[in-house]
Amino acid sequence: MSTARKLRLGPLPKTESVKLTFACPATLKADLDRYAAMHAQTYGEAVDATTLIPYMLEAFMAGDRGFRKGGGGAKTAG
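Residue 55 in the working numbering sits at position 55 of the sequence shown; the count goes up by one each step and never skips.
No wet-lab data here; the hints were simulated from the structure. The model shown is predicted, which means the values in this text are computed figures rather than measured ones. Careful: at least some of the hints might be erroneous.
[As the list claims (entries may be wrong)] Pairs of lysine-lysine, BS3-like flavour, derived with a Cα cap of 25 Å: (1) K19 / K29; (2) K29 / K14; (3) K6 / K29.
Input sequences plus hints: build the corresponding full structure.
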């Protein structure tokens, strides 16, 4: 694992997933691909943009104070 650079999105955990499809501008896809390449170089594990997107969205929503204050976030049974 390289220590020359620290990305906001760290190593990826193993999780259960649900398929979701969306469209984005070509420029965003290019940025996502570049981020995926940097992530792979930093953490030494090949990863593509499709794999990173859920973690990026999760990090974004976790940092959104309005969303958290409004009761946003996954609910657990119990």
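Verification of the supplied hints:
1. K19 / K29: Given that 25 Å is the threshold and the Cα spacing comes to 18 Å, the pair holds.
2. K29 / K14: 23 Å, holds
3. K6 / K29: Roughly 21 Å separates the two Cα atoms, so the pair holds.
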